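Listed below, chain by chain, are the residues.
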Amino acid sequence: MSGGLVWLLVGLGLGVLVVRRRSLAVALVTVQALVLAAAAANAANGADAAAAAALAVRAVALGALLLFVVSRTREPRPVRAGIAPLARGGLAVALALALTWLIPSFGLDSRNVERGVIALVAFGVATVAMRRATLFHVLGIVLAENGLALAALRLPSGSSFAIELGVAFDLTLVALVAAVFHERIFAEFGAGDSAALRTLRD
Amino acid sequence: MISREALAFAAVGAPAVTALVVAVAPRRFVSVLAMAGATVSALAAGALATVALARPGSPFVEHWVIVDAAAGLFVAVIGAVGLGSALVSPGYLASTAESLVRPAWRSRTYYGLLFSFWAILAAVPVIGNLAGAWLLVEATTAASALLVGFSGKPRALEAAWKYLILTSLGLGVALLGIVVLAARSTAGGLHALSWHELAAVQPGHAALVAYLLLLAGLASKIGWAPVHNWLPDAHSEAPAPVSALLSAALLPAVLLVAWRASQALEPTLGAGAVHSVLVGFGLLSLAVSVPFLWRPLPWKRLLAYSSLEHMGVIALGIGFGSPLALAGVAVHVAGHAIAKSVGFYAATPLYAHDPRAGLHPSRGIARTQPALGSVLGGSLAVLAGLPPSPLFVSEVMIVAGGFAAGRPWTAAASAALLALGFLGLAHALIETTAGRAAPGGSAAGRPGGLRSVVVLASVAGVTLLALTAVAVFIPGSDFVDALLRGAG
Chain Z
0 MSGGLVWLLV GLGLGVLVVR RRSLAVALVT VQALVLAAAA ANAANGADAA AAAALAVRAV
60 ALGALLLFVV SRTREPRPVR AGIAPLARGG LAVALALALT WLIPSFGLDS RNVERGVIAL
120 VAFGVATVAM RRATLFHVLG IVLAENGLAL AALRLPSGSS FAIELGVAFD LTLVALVAAV
180 FHERIFAEFG AGDSAALRTL RD
Chain P
0 MISREALAFA AVGAPAVTAL VVAVAPRRFV SVLAMAGATV SALAAGALAT VALARPGSPF
60 VEHWVIVDAA AGLFVAVIGA VGLGSALVSP GYLASTAESL VRPAWRSRTY YGLLFSFWAI
120 LAAVPVIGNL AGAWLLVEAT TAASALLVGF SGKPRALEAA WKYLILTSLG LGVALLGIVV
180 LAARSTAGGL HALSWHELAA VQPGHAALVA YLLLLAGLAS KIGWAPVHNW LPDAHSEAPA
240 PVSALLSAAL LPAVLLVAWR ASQALEPTLG AGAVHSVLVG FGLLSLAVSV PFLWRPLPWK
300 RLLAYSSLEH MGVIALGIGF GSPLALAGVA VHVAGHAIAK SVGFYAATPL YAHDPRAGLH
360 PSRGIARTQP ALGSVLGGSL AVLAGLPPSP LFVSEVMIVA GGFAAGRPWT AAASAALLAL
420 GFLGLAHALI ETTAGRAAPG GSAAGRPGGL RSVVVLASVA GVTLLALTAV AVFIPGSDFV
480 DALLRGAG
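Residue numbers (numbering that gives the first Met the number 0), protein chains in the order written: chain Z, 0 to 201; chain P, 0 to 487.
Don't read these hints as lab results, they were simulated from the structure.
It is possible that part of the hints are untrue.
[Stated by the list, open to error] Just so you have them, the derived chain Z footprint on chain P, three or more residues with Cβ under 8 Å:
| id | segment |
| --- | --- |
| 1 | 155-166 |
| 2 | 419-429 |
[To be verified] Some chain P residues well away from chain Z (every beta-carbon gap over 12 Å; in silico):
| id | residue |
| --- | --- |
| 3 | Val50 |
| 4 | Ala144 |
| 5 | Arg183 |
The structure presented is a predicted model; accordingly, all values stated were derived computationally and were not measured.
Just so it is clear, CB atoms sit at the ideal spot from N, CA and C, and this is done for glycine as well.
Working from the sequences, and respecting the hints, build out all of it.
What follows is the structure, given as structure tokens:
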């Protein structure tokens, strides 16, 4: 996998963290997963082709589900995050750099891919931590799992298909349950804003 | 004779089939079918546990299925708690009309989710592969999150959302650890992640980082500090029978995954590193829980922080790793599950008796409703470790096991924290049972669901006393030897 492709995936991930509109962020994670699927399809062996199919189906299904949820829960105006986009991006990049520095090479076929994986997981965590809109929390998880899908594709032992299938199953389940709760939260509080979910404290 | 593999499938299959049956059965039969399914599921779990514990020295170990002493213990716990939760569920469903779904679907949705959750939980101890275990643990999140938010109340939605997002993100981190382990493995394919092949991971910094990522991710699901934020909210807002399953079955089942991974990676990473990480999580969880155990909290939140404490104690026992400490761990897992589930079951009649108990500390319940007060007091006494509670015996074993393992300072610190936790829970016990009850707060008459809870508490009391009596014979047994060997 070329360095350019890895940095394209990372750039799309950073986009999810900074964009304001939910539909745009859904489009970014979907494109990201489709790019991963295309990269897997380009590889020569059969296991990678199966992994590519699993990734592509997951990307389209999740994208459709999340866009459907967005259409059913129209916000009068986007939920504002507590931190400005530039600051969010800066903090997430700092987290990614710190993790890249802390985590040694772990055996994927290139250090660039390893850095890309770490960056995507860091951006996923940062999205959940810094975005208030509930749908962005789900997107943060999808973003982190796209990073893991990238890692699974580059595994030397060829277990990528099983891992991609597992991740796809897991993400679909979690996203379906999250969609149910997102709609209920929207109906109950009038917005998909996690700031309304702060009553349970000791 | 039925094979252990077949029994493992039965222990998982019985609740899975029940989930399907209650989902399609006519509404008037749902409750009866659920009770019948729960009985069959518990019997299947009991049969598997009996076979596994009868021959702890000769475990059944394959790439995808494992039936060993630990699996026997944890499947027994899951079966017992599952049965108890199913038996008290009619009381919960009768106590409230609110739910995420429309009334006609309420009962079948609840039981369908409950049995799905039970089936996935029962599969966790018998799965022989780390990747499979991760998938099952993640699947428990989906089923149990819907149960946590089942009432559809704003507080329940908040708790369910936090639980879903935080644990899913945590398990994402754990999956990164698994991918790194797969990349470092000398064996190929998914079999490289089976418990007995995991030792083939190449040693080095990356393997240690993978282990840390795996444990940190699983910690978010086990509820170890500092990634326990969802735990008090989910336990307090879930329906009482589900709270029992979360605390007494889910947390220990995920902890078993961490335990198996630690044992499998010990030859690669070294005992010192692996044990230190577990001891660190254990000590931190104990230290974080103690201040909350000293505060006046609503009943279910108090029990939730007690879960944080007890998961910490179990982590310490596994981290000490000596035979005595592991004997303590086995007793602790069983004793905690029984006492904690009874405590949660009692929440349904408690809320009927004192509707403010969901948001405020309960006081003087034994004065206004002696039978309910006895159940609450008994549960807290056992959880506090008041002799003759089996948790007193297990905590002594674990602390003594820490000294035996050559960790005197950690063992001493654990003993001090356990003593502080005991004082907090003892104070809560006195206030809950004999404190001054708030005027006008209690409903007159016998609260709904109390009879079944009292019967279950009586059975639990006898079982706990038997566990205390048996506990002293566990150190040095074949069972502890099998726990020490692990799945490798």
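Hint check:
no., hint, in the structure
1, 155-166, "holds (count 8)"
2, 419-429, "violated (count 0)"
3, Val50, "holds (30 Å)"
4, Ala144, "violated (5 Å)"
5, Arg183, "violated (5 Å)"
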